[in-house]
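Undergrad: Here is how the chains run, residue by residue.
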Amino acid sequence: MRQETTGFTAAAGPQRPPGTAGWLLLAPLILWAVAFVVAPAVIMLGYSFAHRGTLGGVVPGFTLENYAGVADPVYLRIVWRSIVYAAITTAICLVAGYPVAYLIGRADARWRNLLLMGVMVPFWTSFLIRTYAWVTILKSEGLLNSLFLQLGMIGQPLEMLYTPGAVVVGLVYTFLPFMILPIYSSVEKLDGALIEAALDLGAGPMRAFSRVIVPLTSPGIAAGVLLVFVPALGIYAVNDILGGGRVDMIGNIIENQFKGNARNWPFGAALGTTLLVAFALVYAWVSRRQRELAFR
Amino acid sequence: MIRTASRILAALALVAALGPARVAGAEELNLFAWSEYVPQSVLDGFQKETGIQVNYETYASNEEMLAKLLSGAASYDLVQPSEYTVEAMVKEKLLLPLDHAKLPNLKNIGKEYYGQPYDPKLEYSVPYMQGTVGIVVNTEKVKDPITGYGDVFQEKYKGRIVVLDDALEIVTWALATLGLGPDAVTKENLEKVRPILAKWLPLVKVYDSDSPKTALLNGDVDLGIVWSGEAAILLKEEPGKFKYVLPKEGAHMFIDSLAIPKGAPNVAGALKFIDYVLRPEVSRKISEEFPYTNPNVEARKLLTKEERDNAASYPPGNPKLETFRDIGPMAADVDKLFTDLKAKSGS
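Chains A and B are the protein sequences, given in the same order. In terms of our numbering, the first sequence opens at residue 58 and continues consecutively. In terms of our numbering, the second sequence opens at residue 58 and continues consecutively.
Read the hints as simulated data drawn from the structure, not as lab findings. Even for Gly, the Cβ is constructed at its ideal location relative to N, Cα and C. Mixed in with the good hints there might be a few duds.
Only pairs whose alpha carbons sit at most 25 Å apart, straight line, appear in this in silico DMTMM-like list of lysine to aspartate or glutamate [unchecked claim]: (1) 200(B) <-> 294(B); (2) 401(B) <-> 129(A); (3) 256(B) <-> 216(A); (4) 249(B) <-> 129(A); (5) 293(B) <-> 122(A); (6) 125(B) <-> 84(B); (7) 198(B) <-> 295(B); (8) 401(B) <-> 122(A).
From the derived model, a few chain A residues whose C-beta atoms are all more than 10 Å from chain B [unchecked claim]: (9) 114; (10) 135; (11) 149; (12) 180; (13) 207; (14) 284.
All chains should be modelled from the sequences, with the hints used to inform the complete structure.
TA: Here is the structure:
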């Protein structure tokens, strides 16, 4: 039981080095990881210390100027704002996603697959199309406004599209399944007898939830938080489409260094490296919290 | 199976031996151009006539094109840079000079397209389409006359404006209100522009370079400073409702050209394609789908009266138009200024 709940970072079973056959089986994965994860990260790191080329590109060299640029208040403010948006999104996804995941996980097996399907169906359509659909819903002559006007709830169309609220709605909509699915997989493994035991031993429903259910599902919560927070920090399309491009996120800034006016690859690489380090720190923190939670 | 594999290997060896210059032979042409800019019918027509298959790969900004070209990941035969990018690419020796003897239809290009500072003799580039950046007014909602940037950025229009999400564009508009041209992007002038933009940006509701017409069509905004091609579509779809105005302070004119990058495997095919596009009846097809200003005067004669009278495609009068110049490393400063002010004005 313990073993199963000690988290998504801890490996189950005795540790022993893989044999020759094991290494051979691992080889494709290692090659893949080196070619597509390690190598690009190393190139990015190298670029982040280089000088800017006139037309874009990089001129080899060593400078810390690009990192000094990251620390400029102009960009720090945007990094901070991206973190705030990602945190709000994560919090809403957690609060809204947990009950859904719990209900699906505890539902009758017959219903479970159907409900899970419901969560996944949106993935069958392109993310961009689904985001543009929100434009149709939120615009001033859109579905929501016409509905409210028809019902006489408002006299004037509400301003919903191109606001920070629209960005948060879009982000939550995009990432909610990434919160639900990992929590669901934890809830599904939850042993109902433990909850009954907690209730029998005098814990109220709130206490049973906070002391038994949450710790037991903490691997799912931690995975969900990471799966939502990390991409929400870097995404920029939602922001462009639903926010009207008014609030730049860190992703917009990085894109601009490569594909926009700025043509400053080394600076973009420095921003990317900073973000990567930030992700690593968040990952470390979340997995530690999760372990504490599970062992409490 | 093994035979196929060994054939592929042999072919690869041959390719390596001959170098990139002969790979494509006469069969393929790699065109790297703006998205939504080259009609499929033109590509089909060219292939039917010459047997050369055109691979059309797209980009959404000059910088994106440069990024790919510089990375050397793919070799292209034709690119479609705007004027300031042509200038930068010529400076960096990234373009091949064009053999005008192979371009008999070049004579169809209007006189005014010669003598532009970025490539005065069209030695490296042939104008494909020209456009302007101007003001679109929803005349049902905005009753006051709008003649320039100053009229758009007024407190009373707060939250009713869409502009291009483009730092250089917006900075040059502010420069124009100071009587400065788009080539005046210097550190000192950027400081002069800062207070103007600090006043303008909080009034903007939407920044969109890809499809700024959408916010106008949806009724979310009533004023826009957008590409003329986008405006022309609005004028066509809702005649009478929208008006296109070139700012009296001076408007940005862009000239998108076809050019052959250094290292192009199929130069002969690229020249054939340029000359094909320069034919009046072919160029006319492009205008039909993408109603920018056609630099091909012979093709203009084939347009319908409605097309010619579209004020966004063919602005009447004699407006003050200026092209962008390559601003080199200042681009990063422009971008930073815009990022900073946008962040401060947004919520």
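Undergrad: If a hint holds in the structure, say so; if it doesn't, say that too.
TA: The hints, checked one at a time:
Straight-line distance between C-alpha atoms of residue 200(B) and residue 294(B) comes to about 20 Å, which keeps the hinted pair within the 25 Å bound. For the hint pairing residue 401(B) with residue 129(A), the CA-to-CA distance comes to about 14 Å; that is within 25 Å, so the pair holds. Among the hinted pairs, residue 256(B) with residue 216(A) is consistent with the structure: their alpha-carbon atoms are about 22 Å apart, no more than 25 Å. Only pairs whose Cα atoms come within 25 Å are accepted, and residue 249(B) paired with residue 129(A) is accepted, the gap being roughly 21 Å.
Among the hinted pairs, residue 293(B) with residue 122(A) is inconsistent with the structure: their alpha-carbon atoms are about 50 Å apart, more than 25 Å. Of the pairs offered as hints, the one joining residue 125(B) and residue 84(B) holds, with about 23 Å between alpha carbons and a cut-off of 25 Å not exceeded. Under the criterion of a C-alpha separation no larger than 25 Å, the hint pairing residue 198(B) with residue 295(B) is consistent with the structure, at around 14 Å. Taken as a hint, the residue 401(B) and residue 122(A) pair is honoured in the structure, with Cα atoms around 24 Å apart against an allowance of 25 Å.
The claim that residue 114(A) is not at the interface with chain B is violated, since a C-beta of that chain comes within 10 Å of its own (minimum 4 Å). Its beta-carbon lying about 6 Å from the closest one in chain B, residue 135(A) breaks the requirement of being farther than 10 Å from that chain. In this structure residue 149(A) is separated from chain B by more than 10 Å, as the shortest Cβ-Cβ distance comes to about 18 Å. Every CB of chain B is more than 10 Å from the CB of residue 180(A) (nearest about 24 Å), matching its label as outside the interface.
Even its closest Cβ contact with chain B, about 17 Å, leaves residue 207(A) beyond 10 Å, as expected for a residue assigned away from the interface. A cut-off of 10 Å between C-beta atoms confirms that residue 284(A) is not in contact with chain B; the least separation is 27 Å.
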